Structures are given as structure tokens and as C-alpha cells.
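Following the hints, position chain E with the ligand against chain A.
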Amino acid sequence: MGQTTAEKIFAAHLRDEPFQGTKVLDIDRVLCHEITTPVAIADLEWRGKDRVFDASKIKAVIDHVTPAKDSKTALQAKILRDWARRHEIKDFFDVGRNGVCHAIFPEKGYIRPGFTAIMGDSHTCTHGAFGAFAAGVGTTDLEVGILKGVCAFREPKTIRVNLNGKLPGGVYAKDVILFVIGQLGVNGATDRVIEFHGPVVETMSMDARMTLCNMAIEAGGTCGICQPDMVTVEYLWPFIGEEYASKAEALADFQNWVADTDAGYDKVLDFDVSALEPQVTYGFKPDCVKSAKEMAGTKVDQVYIGTCTNGRIEDLRQAAAVLKGRTVADSVRGIVSPATPKIFQEALAEGLIQIFMDAGFCVTNPTCGACLGMSNGVLAEGEVCAATSNRNFSGRMGKGGMVHLMSPSTAAATAITGVITDARSF
Amino acid sequence: MKKTFGGPSIFLDRGDINTDEIIPAKYLTEVTKEALKPYCLEDLSLDGFDPKGEKLANARVIVTRDNFGCGSSREHAPWVFEVNDIHTVIAESYARIFRQNMFNCGMLAIELPKEQIDKLFALEQGSGDVDIAINLAEQEIVARGNGIEESCRFEISPFDKALVEAGGWVEYADARY
Ligand code: SF4
Chain A
1 MGQTTAEKIF AAHLRDEPFQ GTKVLDIDRV LCHEITTPVA IADLEWRGKD RVFDASKIKA
61 VIDHVTPAKD SKTALQAKIL RDWARRHEIK DFFDVGRNGV CHAIFPEKGY IRPGFTAIMG
121 DSHTCTHGAF GAFAAGVGTT DLEVGILKGV CAFREPKTIR VNLNGKLPGG VYAKDVILFV
181 IGQLGVNGAT DRVIEFHGPV VETMSMDARM TLCNMAIEAG GTCGICQPDM VTVEYLWPFI
241 GEEYASKAEA LADFQNWVAD TDAGYDKVLD FDVSALEPQV TYGFKPDCVK SAKEMAGTKV
301 DQVYIGTCTN GRIEDLRQAA AVLKGRTVAD SVRGIVSPAT PKIFQEALAE GLIQIFMDAG
361 FCVTNPTCGA CLGMSNGVLA EGEVCAATSN RNFSGRMGKG GMVHLMSPST AAATAITGVI
421 TDARSF
Chain E
1001 MKKTFGGPSI FLDRGDINTD EIIPAKYLTE VTKEALKPYC LEDLSLDGFD PKGEKLANAR
1061 VIVTRDNFGC GSSREHAPWV FEVNDIHTVI AESYARIFRQ NMFNCGMLAI ELPKEQIDKL
1121 FALEQGSGDV DIAINLAEQE IVARGNGIEE SCRFEISPFD KALVEAGGWV EYADARY
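Protein chains in written order, with this note's numbering: chain A, 1 to 426; chain E, 1001 to 1177.
Okay, chain A solo, but in the shape it has when bound (with noise of 0.2 Å):
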């Protein structure tokens, strides 16, 4: 029988299998950010064990809460900052640099078909949008995998998620992960890869595939991986024109990861989504969803758009699209976070930060902010926010706050009303 991309990838990878089921894999990035990661750093000194595996597979970046907002957050950016400096570590973001970890690693091509990726962040999934296992993990795997360069895993299942007919134009694919996650449950993917196949994924863009496999881990998935071809090439041409001939030669060697016609599936569901609406979450939890009309008319006190679900240049055009000549209504508090430096340079030449601006929202440097609710853009209890981001747990956004997930579309046609509105109506 062949082989799903996952499990290419755990054959290339395999460093050990102490059990059977138990793979032991060599991991050729190890991601880390400011929230995660000084918890490994002290316990690493601790054990008088401070050394990195491989300084240029590690990357760094302060993301969640930058600049710093208290003498806390202070610690902790200057723990991974000294240590990024201690060892070396070249592709470290500060302030100025940085931006969304799911958001600046690909861009700066970090990512490659075939490539395995832990960080201690359970959105890593995202990466897997490049054809690469990419798996959220806690600190103490993040600290093995600093030390060690290795990271264990079950063998994970893979379902198979065929994306079929055409998306209507208004939809995107936030709406089509929201759709996928209501079906699957939070946790109907769990110990289990998804992966995305069939004509939407093959004609979405990298950004578009991102936010696809951003909100894997929503159904408990481990990674959410897309097939590498020619849109993967294109994206990472910058970053490997010279290690190909051309890129008919990168496409060739990328394909080796794209899973075989006859590999073997826990499960594989087929949806058509040519018919589907505008998603909007109603809930404390990511499956709880309905259509942005059926939630139509709910009020909301504000709107973040951003995140590393939403946050790129891509959705910055979707949401600007709809601003475009209009403002935001006065109940309502509009807020953009570009998810990194660069989305944010190309938004301004684009003109996307005048419109974001002439609506009435307000532009904040590239940081996670509000998303978890500890900086820039808390909640206070009883509001509501709309937004483009991944989880709605309760109090996710400051404590007795509710959050609505949907498109940045979507999410801009409510700035300007002030209740739940699809953006198609305008």
C-alpha cells in the first residue's frame, strides 16, 4: 500500500523506535517564541545542559506580547532574546523584525516539503500548508527538540479532506475550515493528520492555505498538511532558485512528499463547497458553527482582524475590499494587527493601511495581541469581539468576553455595521 505525505515524512525522519507505534523523528526545524520557550531555557540551565542541537535549525521570534507590556512580558522576551544571543541563534525577530510566528517563519522561507517542525505553540500546524509535518508541541518537547533535535510521535491516521467544486466568490477559506471543523467536532481529528486534497486547495494561494491548516489543531488534528506543487514552488522560489535548475526541477523533488493515488486512510470525506455561505462560530467552542446569515444581527463591541489564521496580506485586501469608502460604526472598536513587518510594509503600499485607517480602525504593529487576550485589545466582561482569529474559548479574549471566528471579509462588513453581517450583502 503507499503512503499518505505524513508518513513519507516519519520514513525519510526516523531516528529511533524504541516501541513499536512510538516514532522518535529527527526534526529539522525547531520554532520558538517568548511564551513557551523561557520555561525550557531555565530548565535547561538548570540542568546545566544549555546547548542547542543546531543553531540554524532553530528560530526565534517575540511575538505574543511585543513591545513589552509589563515588567513580565519584559523577563520573558529578555530570556529568549539573551539566549537567541548566547547561542548564536541567527534568524531571531525583536521588535522592529517581528511579527506572528505562523506568519514570519514561512515567509521567510523557512518551511519546505518534506520538512519536520515542532514548536511550542499549537498552531504550528500551519506549516503544514507547505507539504511538511508541523506539530504544536509543550515546552518539554520544545526542550528535547532545542537539546536533542528530536521529537517523539505516534504514528499519527490520516484523514483525508477533499475539497471539491468551486469557491463562490465571498468565501474563503476561513468559511471552509469553520465548515470542515463544525463537521469534523474539535475533536474528530484528534491523533490525526488532515489532509487537504482535491481542486479548492490546488487553485488557493499559500496564504489561503495557511489559514486552511492553521485550524487543524481546532478538530484535534496534529498537522494540517496540503500537497506540494507548483503555487508551493512559487512561494519558496526566492528562497531556493539556487539549490534547483529550475523550478519544474523544485516541482519534481517537492512531488516526492505528495502522498501516493493508493495510500491508506483512517477516514476520507468529501465536501462540495460551491454552494457554501459565509462561516460564522456561535459558541464557546471552534464547531460551533453557523452561517454569517444566520448569525446576522448580532451585536458585537469589536472587531480584530489579524492573528496567524488571518493576518496576512491576502486578508488585509479581502477586509479592506469591503472598508473601502465606508467607516466603522461608532459601537464599534475596529482593530488591524498585520501579522509581520513585511505584510504590513506591503499593506501600506498598497494603500490597504489608508483604508483600514479612513474607516476608523485602528493599525497596531505585527503581534498577537489581542488574540489571547493579553495585549492590545482585551475584552472586558460581557463584550463581544468579531474576529479573524482561530479559538473562541470562553474568556480566550479577556475573562467573561465572547468571540465570534470568522473571515476577514466578514469581519470587516461587521466593523461597519456593528452586528454580524455577510459581507456579500453590500
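Don't read these hints as lab results, they were simulated from the structure.
Incorrect hints may appear among the rest.
Calculated lysine-lysine pairs in the DSS-like style (CA-CA distance at most 27 Å, straight line) [to be verified]: (1) A:LYS69 to A:LYS342; (2) A:LYS399 to E:LYS1033; (3) A:LYS157 to E:LYS1114; (4) A:LYS49 to E:LYS1003; (5) E:LYS1119 to E:LYS1161; (6) A:LYS72 to E:LYS1033; (7) E:LYS1037 to A:LYS399; (8) A:LYS78 to E:LYS1037; (9) A:LYS78 to E:LYS1033; (10) A:LYS49 to E:LYS1033.
Here the structure is a predicted model, which is why all the values come from computation and not from measurement.
For chain E with the ligand alone, kept in the frame of chain A given last:
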């Protein structure tokens, strides 16, 4: 460091309890495990559950439903249990990262079928005090409450068991790789 397992139990009767409920994100600015201690399950709102109550303070074991520990990868969730001497969780199922984090810390995330979990919950009806003894070598738990004793075996992968016996993944990996 090797952990001890078993003791008085607390029952959390809901599925999908997430890591934000176990330890809210605002405490992620702490850089030591000990600093998390007062905030265990602080944002969990559940009938009859008091995060500041004696029941939680005395608990050494948590018994709960499915998909426990879903959400973020924060190891602060197992840590807040660890520093409160709760080294065992017994649930119908777990989110992958949380489960791995427990074993990586040398702690136990025991999975039991729903019927078995129901029986444990049944013991709690009445006096409410349930003591659960855990025998890792035999992979067996014995729960006593309401004058009744329930025992059952549990499955644990040989790797997870080896992690617990080694005291965690850092110890295990350091000796081997
Ligand atoms: S943007 Fe939100 S979900 Fe993404 S890494 Fe930051 S805190 Fe996590």
C-alpha cells in the same frame, strides 16, 4: 523527579475542558512553574466546582470526561497540576498535546472507556469522597467511595510508561539520544 500517583479525587463532569480553563492565558507571563500554583482551573465554571475550594486543594487525582486539555499547547496546564500535587488525570480521552505533556512531565494521563468513567462518577454520588489508588506496574486502579470499591485495568503505551518511569521525556531522551 519521580512522581507519586493516586489519592483523593476531584470529579469534573464536562467534556472538552480546555487549557484556557485549566490555566488562563494571562498567567502565561510567569517564568516559573511554582508561580502558577494559585490559579489552578481558575476559569472553569462548572456547577458545584470551586477553584478555591478544599476539594481541589486536597485532590491528587482528577477524573473527567472526553477531550480533556484541548486548545493550546501550553505545558502550564500539566504544570499547574504538578505544583498542586495532582499527578494523575483519568479521562475518557485527551487532546494529543496535553496528553503528551503529562507523560513528558512524568505524570499520568489515564484513558478509560466511558462506562468505566461513569462507574467512577457513580462512586462520587453520596459522601463525595473518592480515593483512587494507582498501581502503575500492574496498570490497575482501585477506587473507593460511598462504601463501594471499583477496580479496573488501564492501557498505557509502553513508551508513555517508560516516560513516567524515567521521570519524564528530558531524562529519557538525554539518556538515549
Ligand atoms: S495569533 Fe493567536 S493563535 Fe496565532 S500564535 Fe498568536 S496567540 Fe496563538
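Q | Restraint check for LYS72 of chain A with LYS1033 of chain E, where alpha carbons must lie at most 27 Å apart | A | This hinted pair holds, its Cα atoms lying about 14 Å apart.
Q: Compare the distance between the alpha carbons of LYS399 of chain A and LYS1033 of chain E with 27 Å, and conclude whether the hinted pair is satisfied.
A: holds, 22 Å
Q) Does the alpha-carbon distance linking LYS49 of chain A and LYS1003 of chain E stay inside the 27 Å limit? A) holds, 22 Å
Q) Given the hinted pair LYS1037 of chain E and LYS399 of chain A, is their alpha-carbon gap at most 27 Å? A) holds, 19 Å
Q | Pair hint outcome, LYS1119 of chain E versus LYS1161 of chain E [Cα-Cα no greater than 27 Å] | A | holds, 25 Å
Q) Does LYS49 of chain A pair with LYS1033 of chain E here, judged by a C-alpha cut-off of 27 Å? A) Within the cut-off at roughly 19 Å; holds.
Q.
Does LYS1114 of chain E sit within 27 Å of LYS157 of chain A, going by the straight-line distance between their CA atoms?
A. Holds. LYS157 of chain A to LYS1114 of chain E sits at ~23 Å (cutoff 27 Å).
Q. Does LYS69 of chain A pair with LYS342 of chain A here, judged by a C-alpha cut-off of 27 Å?
A. Distance of about 23 Å is within 27 Å: holds.
Q: Would you mind confirming whether the straight-line C-alpha gap from LYS78 of chain A to LYS1037 of chain E stays at or under 27 Å?
A: holds, 24 Å
Q) Is LYS78 of chain A within 27 Å of LYS1033 of chain E, Cα to Cα? A) Holds - the C-alpha atoms of LYS1033 of chain E and LYS78 of chain A are around 18 Å apart, at most 27 Å.
Consistency note: the structure conflicts with none of the earlier hints.
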